[in-house]
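Chain order of the listed sequences is A and B.
At position 184 of the first sequence the residue is numbered 184 (the working numbering), and the sequence of numbers has no breaks.
At position 372 of the second sequence the residue is numbered 372 (the working numbering), and the sequence of numbers has no breaks.
Keep in mind the hints are simulated off the structure, nothing from the lab.
Just so it is clear, the structure is predicted and the values come from calculations on it, not from any experiment.
Any given hint could be a false lead.
From the structure, some residues in chain A lie toward chain B, with a derived Cβ separation under 7 angstroms [to be verified]:
1. Glu80
2. Val288
3. Pro289
Simulated coverage check for chain A against chain B, where a stretch passes if three residues somewhere in it have a Cβ under 8 angstroms from a Cβ of chain B [to be verified]:
4. 108–117
5. 128–139
6. 304–315
For every residue, glycine included, the Cβ atom is placed at its ideal position computed from N, Cα and C.
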Amino acid sequence: MTDTQSDPFHRLYVESWAPEYGASMEVDDGSAAAASVDPAVETSDWRPIEGARTDAPREMVFVDGVRRIEARLTLDDPLEGPVPGIMGAYGVGAVIWKRAARRSDFTGLTVERLVVMAKGLAVDVHRIGALPVTAESVPGDDASALVSHLQQRMRAAEGALASALAGPGRLVIADGPFHEVRAQPVVGYVKTHRTRYLDGESGALIGRLRAGSRTPLFLIDSERYPRYAWYLRLADLPGHSWTGVVRCEVSAALGVEAAVQMADWTAGLLPGLSSAPHIDRRAPQNLVPIAALERELRKCMGDQGLAARALRSAVRNRRLAGIGGGG
Amino acid sequence: MSEPMERRGIPVGRVIASQHANTQEFRVVLNDDSYLQLDDLVMLETEVPGAGTVRTYGVVTESEGIYEGAQYESDTFRITEEGILPAAKIRSARVSVTRVDPELWVAPDPGVEVYRAAGEQRDKALYKDEMGRPLPVGVGRDQEPVYADLDFFDGRKGGHMSISGISGVATKTSYALFFLRMLTAHPEILGEGAANLRVLVFNVKGEDLLWLDKPNRYLDQEAVDVWHRLGVEPAPFKSVRFWAPPRRRSGDVILPDTGGRLEGVDAFAWTPREFIDEGLLAFLFTDASDHRNQIGFVEERVRAQLRRWAVDVAGEPGAVVLRAPPPGGHKGAPQAVPERGEPVIRSLSDLVEALDEYLDPPDGSEPDLAWSGRTQTGTIAAFMRRLHAASHRLGHLIQAGESRRVDRTAAQVTVVSIQSLHDLGQRFVVGALLEETFREKEQTGRRLPLSVIVLDELNKYAPREGRSPLKEMLIDIAQRGRSLGVLLVGAQQTASRVAPEVLENAALRVAGRLDAAEAERSEYGWMLPSTKARARLLKPGTMVLSQPAIPVPLVLTFPFPAWATRQEEAAVQDDPFQGL
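One chain only, chain B, in its complex shape (with noise of 0.2 angstroms):
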């Protein structure tokens, strides 16, 4: 109690003497000219006999008013309407404890005076100053920076981050990109990570994420002055490389399929080649249902078959024309003229063909049991019924001529748009891309350079019931990504319908607004009761945040971005020829 005051904050209330206060949680009961609000900061010091000075911080949860002396409701109009029943008006907040310092854990004095926690307290009561590489994710109710540990997100010491909340208050990708620019545009909080950071970010509605690389032209000063405290200058992201798939039927003139934006945007595809070699097959049978009967089976022979029979054509690069190996296989890579008649494959509906001729030939005779092994012919026609349909959905992706992939090296940002695909389109690209960045981490098997992807509908993706390959990717990058520097910002308006298995191994978790019924799911059990019952009132740009460094979630507010999110809001570029 030696310390002046003004280390310790301003005095706001005392803590209720009337019931009991525990570790967990008090009452303060407010001066006169005092107010408390949701999630402010208080500090306290309790002397404990024969230990010293404990100081408690906690965060506001609720607010709360009562005429004491009022016994009956109806005493309400005799305090305030008369005045003839004598009352006093008592305002409290009810504080749950977030840090007790040092780490003894008593509850507060009754009686003794409460602060509220600023500059040195309001770090401590955060544990700011316990935090490895404290990362600004935001400001809280008084406009002052909220931190997360890095060393939770980077892998560390725990890694990814998991944001739920329904949409159309658009709050959940706007969170994670916030998020992206404060890790980018802060190398010296990521430190050795900042080296190399690559950021997959998906694109899965809209366009919105098509203009991380325009400023927004409504970002108004208020915003700014956000952006400041939070130590970012309000830019839009600076190494951003777009991707869309090609549009169909574009003739020999390879298009992006976007609407709103063509400049800047290179389209994306994989040739037979690549198809192939990487086992891409996998992710054309991505519905949860598909594993159910043994079409996995054969998919698994067909992928093994093709990467053994496939062989370039000379002089048509990407493009493979199917032949039976030697015994031990094709040597080297050969190039292969092909001969009259023989099918050369460079599309997706190529390889579906040729694949017909083995495993359902249209002469009516027996698949070739090289191929289709002792499945049962139901089994096989599924599996090329379903080939048909994905060859019908999203062959576009596969073409035959120079390598489209996309490049991640290309730019610190990469954001593919594959909202125009169809949902299996989608599984595709996904699963394609993640397998590619993940197998290359796992072959370096190192940490560092770091690998974030950013995938929204992760419900889609990784969906609670049933198994597919890609859901078995994304619980293996949740589950190991961690240890490989592959982190996942994932994002579901359900929690409760992504696996629980990828949701679990997000140290970082977010919530925006949730329906009433899904804020009661186990998978938010980490909300306080009262912010569950807040978490269907909060606003667009209002987050809980919580993170294993801080036992209580904070709720925190971001600024409006920086980056046009709409083709609208992308400012008018000077025009650099002006003047000239």
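Isolated chain A, as found in the complex (with noise of 0.2 angstroms):
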């Protein structure tokens, strides 16, 4: 971490254009197509396979994270010039859906609120007016690595919630592909497809495939996360062929066996949680009650405006509390 000049706070400055301005949201996950793809892996016979719900888990966790760009920031640097940064939040959180009791209840709901600087200057700040925050920085000055550390972070906190809920009785559902090895009963769960991992008959077969059906496992063998993986239809719906179809993923850790009987229960409970098209624009990938998550994890950020504008207040009255020594 590269040590500041002296008072570097009185050369902070807050952008005025709205922080989404200039870069991509859309942050690469860095899901790369894997290496080999071995779909043989529970049976050569590719057929759609029904969903079941025999003996599944008496709770089902949703785990999902949100995040945004509060504000943009300028660190006016003596011998770098400007150092580009942000201010953002992330918050995570998971659902138990109790299948018994019929009710869902949010658990874990946690939010961190991050100021990321790049060329690895970091500010030693913690607290802005009332909001405490964590300073981190990123090597380089790319604009679009400062949003995906945040997205990394979260991506972390998600992982490390649904490592801690998972547990027996209890299937975990996480957003998103894997990004490390979990011998642990979470299902990865992707919305969109950006890679194709199957080809020829296969591949057709996804096309076919029913509401509550499923394709055989195939495994997607990375050499750093080796996973079984299949493709579910949530719903049938008007659409090109692949509308309503999702792609989940355990590790391959796990054996053919726990997976297959993974697969079996997510295509037979996953269609009953996906959403209409007339409430949530992408239904019906995203499930109610990831949807529900979302929409409180969002409100325990608070106020984009009011944390924009507490930044500001601070910064123009050098208020940024913890201001480390001068250099």
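Taking the hints as your guide, dock the two standalone chains into a single complex.
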């Protein structure tokens, strides 16, 4: 961490344009195509498989996170020149669906607020107005690296929460593809399809799936994250052949048998949780509990305008708490 | 905030923070283990910067519930049937502020705890501590007494009571009588007004009020408990006299014209002498249309003439003959012996016949100018026509003989039964008795002793449209009765059909179940919108009461009557000779 010059905060500015301006908010999650795909791990007879609820866990847990950029910052460094930064927040949490009790509850809702500076320049600040913040930095001065840092932190928090909530009698559904191997009953839930894993006959099966059925398992034998995956259709909606199709993944370390069972459960249970097109623009993939969780997390993050205002006011009044002593 | 919790009450929830609270109304989000129902009383404390603690009191006007987290109506199924949408059941209550203490009009702070008001706090919410003489007038939803300030009934600060409600649920008269029972049973609250308090009640329908002195055999323990909580022994009225018009053509024996009850009921009538002296002729012309023409003028002239001409008949009490007075009028109380052929007036038809001689001579000659004035013959004919009709309909109320007038001093409560009379007769009796009562008080000019008049179907006696001597008198009572101690407890099915002057002067306003359209009228502006909405659902025995001492109307119930309201309810009295 590069030490800053004396009294660096006198040279910190909040950019007046909207924080979303300039950089793409879409961040590549790094789910690169697998080195090899083995479609014959469950069966070589590629036909749709109906989902099942038999012996399904009593509780399903949905883990998700949301993030947003609240302000763009510039630190006028005497040596480096203007250094970009962001203030951003993310929230992660989970919904536990108690199937027998027919109710869902939020759990583990947490919100983190970060000030991320480029060029490895960390400002020493832990509070803006009444808001606690964590200051961090990334190397280089690529603005998109700032956003991906925030994204990575959110993903890590999601992963930690998913691990913490996994346990017997529970099936955890976590948002997005996996980034680390977890030999836990945690299912990665991928709503968008950037990579084509299956082709030929097996790939064509995806378009023929009906709601509540899935493809057989296939192994994505990535070097870093070997995992079993399957496609399933949540709802029969008008549209192209992949409308309403999601991909699920579990760690290959769980073994085929456990993975098959989890695949059956997801195909049996998730269609009942899919959202309706007139309510959710991301229907049916954005599951009802996850949509509710995202709403709740945005509520927990508080008003974006208030956060930005607190930052402006702190910068204007030089009241950034925790200002480190001069160089 | 330093007071112990027991003085504040039981916490039930907090002031909702997601919407504005104001000095009129706020909402309470309820704790999981608490509830508030309509009409419950609550209290909360707000710390006002620089001013200290302000207590806000209120009454629940609506109770609400919602699933927080549900955005769409279909979310209801997602939440309840499968439970896939996280949501929290939120129950809340809407509260109308009744009072802030000290009087610093600030909104309650969002998020502060709200307590169910009980004991001393409840009294404060209902302003009992500020009432000069709080009289229990019913019980609230919590079965504890609700009070009205007597200062606003007996004329000190206000007077009269107006009761509205659809008929058929028998609540208007029942409530009036319940109120009277409270009034007469709590002399310690009524104070000086309790001495010689007189109540005049008109029984206008059925014979509901002819059993006030009999215990009700259907009175159950539950009602007894309520009576006790109101501080009154559930017993019938102790001092009551019943009066009814005489039966027509009952011969020499004058019997009261009642159906179910004869015992203890006296027949009343006026003698021609009383009729003339008290100018009761005016109350034969009480139809609102009578005043659109000149009939009133003729009536006034005839009334004055009768006073001047009437001479008592020797040996026939109450009967008169009409003789032209000498200059200066008849002196003293002369007793005349009728001459041969001179008509003796012993009844109303005698009087009408005698007037015919002057106003519409059978021989076809011109009317006597001394009686008719310069009125057109058509008007005189109309006057006589009405007089003949009156003679036919209520002639039996005017009879020579010993005075049989209603004696309002014989008992504390005087019930005058007029349900058997034609409308014309009812208006005549009401007019005559109100006139008598009011004149008596006017002569003394003092407020005490108090005289209470209970009159149902006020729309018949003081209609909104038209003019009549009876309406004028009721307006007079409404406007001046307060200072003269003549207090009207008026009841009507629809307040919108009653003269506004009569309604406006009633300090205590009560409504039972109302017709939905009626409840929207401006006459019920004193009710909250939520109370109006409920007014068409009120059950018998539930009323809404508004009084100047409390800025919001209260919903109250009153107990089953301790007195019989029908013959079959009248408990079989123990035989006093049993065991002899």
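Status of each hint after checking the structure:
This hint is violated: Glu80 of chain A has a C-beta 46 angstroms from the nearest C-beta of chain B, more than the 7 angstroms allowed. Among the interface hints, the one on Val288 of chain A holds; its C-beta lies about 5 angstroms from the nearest C-beta in chain B, closer than the 7 angstroms criterion. This hint holds: Pro289 of chain A has a C-beta 6 angstroms from the nearest C-beta of chain B, less than the 7 angstroms allowed. Coverage of a stretch by a chain is defined here by at least three residues with a beta carbon nearer than 8 angstroms to that chain's beta carbons; for the segment 108–117 of chain A and chain B the count is 0, and the condition is violated.
Here the segment 128–139 of chain A counts 0 residues with a CB under 8 angstroms from a CB of chain B, which misses the bar of 3, and the coverage is violated. Counting residues of the segment 304–315 of chain A whose C-beta sits closer than 8 angstroms to any C-beta of chain B gives 0, which falls short of three, so the coverage hint is violated.
The structure is inconsistent with the numbered hints 1, 4, 5 and 6, although it conforms to all the rest.
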